[in-house]
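Everything in the sequence shown is counted per full-length UniProt numbering, starting at 1 for the first residue and increasing by one.
Just so you know, the hints here were simulated from the structure itself, not pulled from any lab data.
Heads up, the beta-carbon is just placed ideally off N, CA and C, and yes, glycines get one too.
Mixed in with the good hints there might be a few duds.
To be verified - Each computed BS3-like pair below joins lysine-lysine, with the alpha-carbon atoms no more than 30 Å apart:
hint	residue 1	residue 2
1	K25	K177
2	K25	K130
3	K78	K214
Stated by the list, open to error - Ranges of calculated distance between the beta carbons of each label pair, as one might list FRET restraints:
hint	residue 1	residue 2	range
4	E63	V187	43 to 51 Å
5	T126	D97	35 to 43 Å
6	D217	T66	47 to 55 Å
7	H253	E159	28 to 36 Å
8	E263	T66	37 to 45 Å
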Amino acid sequence: MNITINNDILTATINPRGAELNSLKDTTGNEYMWEGNPDFWGKHSPVLFPIVGTLRNNSYLFEGKTYAMTRHGFARDKEFAVKSHNGHSVVFSLLSDDDTKRLYPFDFELELTYTLEGKTLRIDYTVSNKSGGDMPFSIGAHPAFALPGNFEEYSLIFENDEQPISTQLENDLLSDKTITLPVQNKVLPLTYELFKNDALILKNHTSRTLEIVKNGDPLLKVAFSDFPHLGIWTKQNAPFLCIEPWKGYSDPHDASGNIVEKESITILASGQSFQAGFSIVILR
1 MNITINNDIL
11 TATINPRGAE
21 LNSLKDTTGN
31 EYMWEGNPDF
41 WGKHSPVLFP
51 IVGTLRNNSY
61 LFEGKTYAMT
71 RHGFARDKEF
81 AVKSHNGHSV
91 VFSLLSDDDT
101 KRLYPFDFEL
111 ELTYTLEGKT
121 LRIDYTVSNK
131 SGGDMPFSIG
141 AHPAFALPGN
151 FEEYSLIFEN
161 DEQPISTQLE
171 NDLLSDKTIT
181 LPVQNKVLPL
191 TYELFKNDAL
201 ILKNHTSRTL
211 EIVKNGDPLL
221 KVAFSDFPHL
231 GIWTKQNAPF
241 LCIEPWKGYS
251 DPHDASGNIV
261 EKESITILAS
271 GQSFQAGFSI
281 VILR
């Protein structure tokens with residue numbers, strides 16, 4: 001059964017399966033999250049753990065053993081327990097088990113906390129290493145925002161005046177090819193042509209907020225100061241846009257496969273915890 005939190009401005013609905021945010025509405029009924037129509041993409045806001053993106057050969061090597069792992073990891077398909085819940089906040093927990101250890105040989109706890117404060121939904125991640133040794137992982141978000149009407153009436157506003165460089169994907173892996181996004185005065189007009197080769201992958205951008213505007217009118221802002229990388233994605237002719245704060249990304253085509261050597265991997269010591277979060281701020 002879905003879990004709902006609310007305040008006097010917003011209502012958020014989260015599915016314990018994947019601890020996935022399904023809906024974010026204001027008191028006038030405006031829905032800000034993508035509906036999950038499977039004709040385009042049947043998700044809303046999956047959690048990406050313990051990898052972000054795709055591994056070369058959909059596998060990795062750890063201490064001489066090969067493990068299979070599909071795109072974006074397994075957390076999005078697991079049932080989370082509700083650890084605590086009050087009117088405006090809920091904490092979900094995923095613990096390692098025999099099934100996860102076949103894919104990822106570590107003892108861990110992944111907590112997601114959703115908190116409403118005014119016009120802001122804060123989403124916090126805590127990764128705890130309960131293993132006896134170091135634990136490599138990546139983590140990321142994949143929220144899809146509803147953009148009804150003409151897609152090309154929307155734009156993204158970057159926090160900083162920059163020329164972001166996107167690394168191109170080839171067969172779901174990072175290639176050596178890059179493109180410079182056509183940002184002018186912090187504004188990136190949205191077109192489906194931008195996504196003809198799949199997602200935009202920003203590894204070294206400086207902005208830590210992105211705003212979605214429609215015909216110049218602000219809709220919402222995503223703030224992600226804890227996440228150094230970013231994915232931006234939609235499907236052709238789909239009325240949504242994903243703004244994806246990441247700590248990690250797909251393997252390059254020449255990756256060694258050793259997970260501890262993976263680009264932008266986080267190595268968490270035994271008994272330690274990692275925390276990061278991002279916010280969705282409604283601007284209208």
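Comparing the hints with the structure gives:
Between K25 and K177 the CA atoms are separated by roughly 39 Å; this puts the pair beyond 30 Å, and the hint is violated. At roughly 37 Å between alpha-carbon atoms, K25 and K130 are farther apart than 30 Å, so this suggested pair is violated. Proposed proximity of K78 and K214 is contradicted: the alpha carbons are some 35 Å apart, above 30 Å. Between E63 and V187 the beta carbon distance is about 48 Å. The supplied range of 43 to 51 Å therefore holds.
Taken as a hint, the range 35 to 43 Å is violated for the pair T126 and D97, whose Cβ atoms sit roughly 18 Å apart. The hinted range of 47 to 55 Å is satisfied by D217 and T66, whose Cβ atoms lie roughly 51 Å apart. In this structure, H253 and E159 meet the distance hint of 28 to 36 Å, their C-beta atoms being roughly 31 Å apart. The hinted range of 37 to 45 Å is not satisfied by E263 and T66, whose Cβ atoms lie roughly 19 Å apart.
The structure shown violates the earlier hints numbered 1, 2, 3, 5, 8.
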